[in-house]
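Place chains B and C on chain A using the hints.
Here's the letter readout for the chains.
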Amino acid sequence: MTAQKTSKFFRSKSFALIAIIIVMIIAFTLGNKNYISAGNISGFMTNISTAGLLAVGMVCLLISGNVDLAAGTEACMAGIFVATILGSGMPWPVALIITILFGAAMGLFNAFLVNVLGFMGFIATIGMSSVYKGLALVVSNGINVSISNQGFYPLGAYSIQMGKFALPLPFIYTVVLFVIYGLILKYTKFGRSIYLIGGNRNAARLAGVSIKKVSTILYINCGAIAAFCGAVSTAKMNSAGPQAISGTEMDSIAGAVLGGVSFMGGSGGLGGAFIGLFLISAFKNGLTAISLPTYWQTVAQGGILLIALVVDYFGERSRVSALKAEAAQAA
Amino acid sequence: MKTESKAKKFFGSKTFTLLLLLAAMVIVFTILSGGLKSIKGSFIDPKNLKQVIAGMSVVSVLTIGAGCLLISGQVDLSAGGIGTLSALLFAHFYSNWGIPLIISLIISLIIAGAIGYFNAILINRLNCQGFITTMATALVCTGLTYVLSASGDGILKNIRIENEAFNYIGTKSVLGGYVPVIVLIALAFFVVYGIIVSQTKFGRSIYLVGGNPTASHLAGINPKRISNILFVNSAVLGGVAGIFYTAKMKQGSYAGIAGNQFAGMTAAILGGISFGGGSGGMVGAFIGLLILNAFQNGVTIIGVPSYWQQVASGLLLIVALSVDFLAMQRKAAGLRRTVRRGQAEKAAAAEGGDK
Amino acid sequence: MANSLEFNDVGKMFPGVRALSGVSFKAESGKVLALLGENGAGKSTLLKVLSGDIKPDEGEILIDDVQQSFSSPLESIKAGISVIYQERQLIPGLSVAENIFAGDLPGSSGIVNYKELRDAASEIIQKFGLSIDPDQPVGRLSVAYQQMVEIMKAYRRNSSIIAFDEPTASLAEAEISILFRLINELKAEGKVIIYISHRLGEIFELADNIVVLKDGQLVKTFVCSETTEDDLIHAMVGRDIGDTYANLSRNSVYGDTILEVSGLETEDIHDISFSLKKGEVLGFAGLVGAGRTEVMRAIFGADKILAGTVTFEGKEVHFKSPKNAIDAGIALCPEDRKEQGLVLFRSIRDNITMPVLAKLRKFLFLNKKDEAVLADAAIEKYSIRTPTADKIVFELSGGNQQKVILGRWTSDLFPAKLLILDEPTKGIDVGTKAEVYQMVCDYAKAGMAVIFVSSELTEVINVADRIIVMKDGRITGEVLRAEATEEAVLAMAMAGE
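Residue numbers (the working numbering), protein chains in the order written: chain A, 1 to 331; chain B, 1001 to 1355; chain C, 2001 to 2497.
Only chain A is shown next, with the shape it has when bound in the complex (with noise of 0.2 Å):
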């Protein structure tokens, strides 16, 4: 029993995604040996953690079989609307939370046209996310708007210290999360049901889940999370710009994909999509640590997508067959 879950665990996408990050840390340390020193791990959680935050709301919206491309241009949004209004002197943990409520309205605003009007998702927000790139522009003159409020800055800013190495605090509210919605999605009706609605819209249906009611509440939640990930990455920078964080939900959703998150509903969860935005992190990071001039980056970013794609094609080849001989043998 015991060697045939391991088994299991060789043929599964994690292992593969693991083998491929744990190469790819030997081949930077090998490039530059301080790739693995705590200053840069460090760096590292911190750059992982918008991604990261991202990527909660927007892995149980490709669960259910949606997707917000707007999720980064809302954050970006949630940024500017928590610096204008912390700079009318209002207490941060106010400010806080009405940021967080703010995105749930833009979160509200997606579900409207998915929901009610019908439009396909993902067009929808690009449309949305075009918007909101706008309005940014808008509200914030296309200048930076900086934060005089000293109590918001650590929000994002401040990390525990463990003698050398800093452990940041967007990387431990991505972590939080993580295992939050983790559980949620696991061992929750609600969780489940989210499955349901990605994998069989119909049996959904059929089976009493109010598919528009599970993705509204998603897409709501997608927004507040990318609202609180625009509220930490402005404190962190103690400033907010129009141009900040937009387009970071493709790297959520690239590494939700990688990490076995069907684009298409019903499969994948939390665990593996970490594994993904993992590597995808660590590789952008590795990058700069041996010092790759940044237009090869670029082209880079977009080679490990199209490896670990590959990669993904084989892997589930192998699993195919080895399912294909489990089932020969057991007949």
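Take these hints with a grain of salt, some might be off.
With a Cα cut of at most 30 Å, we get these calculated DSS-like pairs of lysine-lysine [to be verified]:
no., chain 1, residue 1, chain 2, residue 2
1, A, K212, C, K2078
2, C, K2055, A, K186
3, C, K2391, A, K186
4, B, K1201, B, K1224
5, B, K1201, C, K2323
6, C, K2362, A, K13
7, A, K284, B, K1157
8, C, K2078, B, K1224
9, C, K2127, B, K1224
10, A, K189, C, K2368
11, A, K213, C, K2055
12, B, K1224, C, K2338
13, C, K2417, B, K1201
14, C, K2304, B, K1201
15, C, K2338, B, K1201
16, C, K2115, A, K13
17, C, K2362, B, K1224
18, A, K213, C, K2323
19, B, K1224, C, K2323
20, A, K213, C, K2445
21, C, K2381, B, K1201
22, A, K186, C, K2369
23, A, K212, C, K2055
24, A, K189, C, K2381
25, C, K2369, A, K189
26, B, K1201, C, K2115
27, C, K2368, B, K1224
28, A, K189, C, K2055
29, B, K1201, C, K2362
30, C, K2315, B, K1224
31, C, K2359, B, K1224
32, C, K2078, B, K1201
33, C, K2338, A, K212
34, C, K2315, C, K2417
35, B, K1224, A, K13
36, B, K1224, C, K2304
37, B, K1201, C, K2391
38, B, K1201, C, K2369
39, B, K1224, C, K2320
40, C, K2026, B, K1201
Treat the hints as calculated values from the structure; they're not laboratory data.
Note that the coordinates shown come from a computational prediction; the quantities given were computed from them, not determined experimentally.
Frame of chain A; chains B and C shown alone:
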């Protein structure tokens, strides 16, 4: 009788809804830009209309590529990136390496097609998800474009093109100076693709494959082949759009047309093309393109600040989707009316029978 | 526990069709009420009204004389109604247990109790007498087992009103007998049971009362013990079918051998050998999952052949894709019309001309006039009920959809030499079935070779000239029609069990 029903069919069609929208837009922009008082400087100032037409060249070919793929149930987010890269390569070949213009052109389009085929292999042979695959390809292309146009000190530079004929095509206008030559070429593309999509076996196959690939396969159509061709087509058209842009600017640009594939998709969707080939075609896509251009020009001329223009173009995509939604509603309402009339007639007949 | 379910003057309009009109009847607890009717008679619509999937325009549903109004499936479920649909509503990636309890997982305060879930699922599986691992993803089960999971889903709700829509369509005999045992148990427990089936034999075995619908209206209500098959058919079609099979006008002259399969081997089938003559109707019988469809797919070039040969018209052929087979003159009407046969949102015309587009070319373009002629010819030949060839196939009834596919493969531009029909009568009403049988014989008379695959034993042994029986991907027997009995064929289909 038959002509009447044809007319009726036209008035009930999506094309008609789209034309209405276009007309409404023209009227609104004309009024808002002061066209009632004086034509000069308003939306319908011939000078401005010239601008509207001139703006069509680059996006039009992208609209065609995106439209065909949408009908077949797929998307290509890399068309703009591929186009930028191949156009820059073209400028590089011609200006830096001295390869003859036509040969540079052909080689760069072949490279675009090859990248499109690479997309196709990943998507159709290795079953990768199209959305994410083309996104990755776009990244690689954009990165390579930067690498190619970066000089020693890391600063990005455009590549000038010194060729009379080429620059003539890009900048001169014909028909009384109203229609730029490249727009004319783009129109020719529309006509050719319009015929291919609606009048040929291949065109029909795109719809069938979009609707049901399995059934198409079992009826002797090769869905993967169709899809491969369409991805290559989308990439080559991306290349053509890039060349158009190069001709307009008289230089190979590193920023180029990256991201313009979204405009192409917007125009196609505005034009009523639905995902998976339920409806729409090149005529609609063309009207969609007109709407898109009229809109983008209109918001500028009525003095919408540039930041708001970005907001507006996002809203336009949302409106595009709504048009589809409204047309469906109208169709449903029409059907309901027919049913009610049928019932009334039946009831009347039944009553008559009773007597 | 409800004692009665009553439909009172229920009516429903769809664009262009009056799906239901003034339907009233009452079903009582402890009895099985069968709903009978041709395709398009309104049975499925009635079921959708019952499940809260659609709202009726007129009339109401009463449970124990209390008026109900469902605005969603959830409300119908809460009122104690379970509907088992013809189309499986499963999520392939989730476990069997989770599918059975979909939408209603055990546990308290929103948290799923996986242990309880597994135990409850195991208990139900045991009750059904099957051996399925509740943790297994449902996508890995056979089609028949998936159907059983679908039935378990409704069963576990312990509803007082249970409706079955053609539950046996993809079940083999063994599972059918399990199902019937369960239905009889449910009946004994005092449930209200509604049962829809095209198979009259089943209805006589199960039902107490029978309601016959036609064109959305109730024709007549029968008490099962006081009626005969002929009465029912008469009520359903409005005419006597008589003995369908005896009246078939068959072909008796065979031509040369057209197809010779020898030692065919794919991943799913083994050592398949048989031959077929022009003008012959060759039946393929067997239980669901016996490998018949896979044999057809291999011949048609849709599945990879690992060993063996296919000889068509005297030449050994190696089809790499369905296109090669089609070019050679072979046609396949697939088992699953909607998923594999039709492009649902395109017109009748587009669907008919799919394989012959290359022949409809004038210069580079499609000749739309010829195309229209071809489509109209098929509409007329098969009397497909539609105002124009432009109608979207999605809007047609199942029988008419099947005729569109038949029209596709028998047009003047594509006179198939070998026609493979995989379950051509699945989900089709009695009247159209008889039409299909005669068409099969007519094809043979015209010199075509026909392969007729069917899971309905009676049908396959009465329509085909010769019957090949399969089990587990192998051929287990072959009989001529004259010698075939249901018992003998079934024995071969279940050989070794």
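Taking the hints in turn, this is what the structure says about them:
1. K212(A) with K2078(C): holds, 19 Å
2. K2055(C) with K186(A): Violated. K2055(C) to K186(A) sits at ~35 Å, over the 30 Å cutoff.
3. K2391(C) with K186(A): violated, 46 Å
4. K1201(B) with K1224(B): holds, 16 Å
5. K1201(B) with K2323(C): This hinted pair holds, its Cα atoms lying about 15 Å apart.
6. K2362(C) with K13(A): Violated. K2362(C) to K13(A) sits at ~51 Å, over the 30 Å cutoff.
7. K284(A) with K1157(B): holds, 25 Å
8. K2078(C) with K1224(B): Not OK: K2078(C) and K1224(B) at ~46 Å, beyond 30 Å, violated.
9. K2127(C) with K1224(B): violated, 46 Å
10. K189(A) with K2368(C): Violated: K189(A) and K2368(C) sit about 55 Å apart, past 30 Å.
11. K213(A) with K2055(C): Holds, at roughly 20 Å.
12. K1224(B) with K2338(C): The given pair, whose Cα atoms are some 20 Å apart, holds under the 30 Å limit.
13. K2417(C) with K1201(B): Judged against 30 Å, a Cα distance of about 24 Å means the pair holds.
14. K2304(C) with K1201(B): holds, 27 Å
15. K2338(C) with K1201(B): holds, 23 Å
16. K2115(C) with K13(A): Roughly 26 Å separates the two Cα atoms, so the pair holds.
17. K2362(C) with K1224(B): holds, 25 Å
18. K213(A) with K2323(C): It is violated: about 45 Å lies between the C-alpha atoms, which goes past 30 Å.
19. K1224(B) with K2323(C): holds, 13 Å
20. K213(A) with K2445(C): violated, 58 Å
21. K2381(C) with K1201(B): Status holds; Cα separation ~25 Å.
22. K186(A) with K2369(C): violated, 58 Å
23. K212(A) with K2055(C): holds, 18 Å
24. K189(A) with K2381(C): violated, 54 Å
25. K2369(C) with K189(A): At roughly 57 Å apart (the allowed maximum being 30 Å), K189(A) and K2369(C) break the hint.
26. K1201(B) with K2115(C): It is violated: about 57 Å lies between the C-alpha atoms, which goes past 30 Å.
27. K2368(C) with K1224(B): Given pair K2368(C), K1224(B) holds - Cα atoms ~26 Å apart, limit 30 Å.
28. K189(A) with K2055(C): holds, 28 Å
29. K1201(B) with K2362(C): holds, 10 Å
30. K2315(C) with K1224(B): holds, 29 Å
31. K2359(C) with K1224(B): With Cα atoms ~21 Å apart, K2359(C) and K1224(B) stay inside 30 Å; holds.
32. K2078(C) with K1201(B): violated, 52 Å
33. K2338(C) with K212(A): This hinted pair holds, its Cα atoms lying about 26 Å apart.
34. K2315(C) with K2417(C): holds, 14 Å
35. K1224(B) with K13(A): holds, 26 Å
36. K1224(B) with K2304(C): holds, 17 Å
37. K1201(B) with K2391(C): The given pair, whose Cα atoms are some 20 Å apart, holds under the 30 Å limit.
38. K1201(B) with K2369(C): holds, 14 Å
39. K1224(B) with K2320(C): Roughly 14 Å separates the two Cα atoms, so the pair holds.
40. K2026(C) with K1201(B): violated, 54 Å
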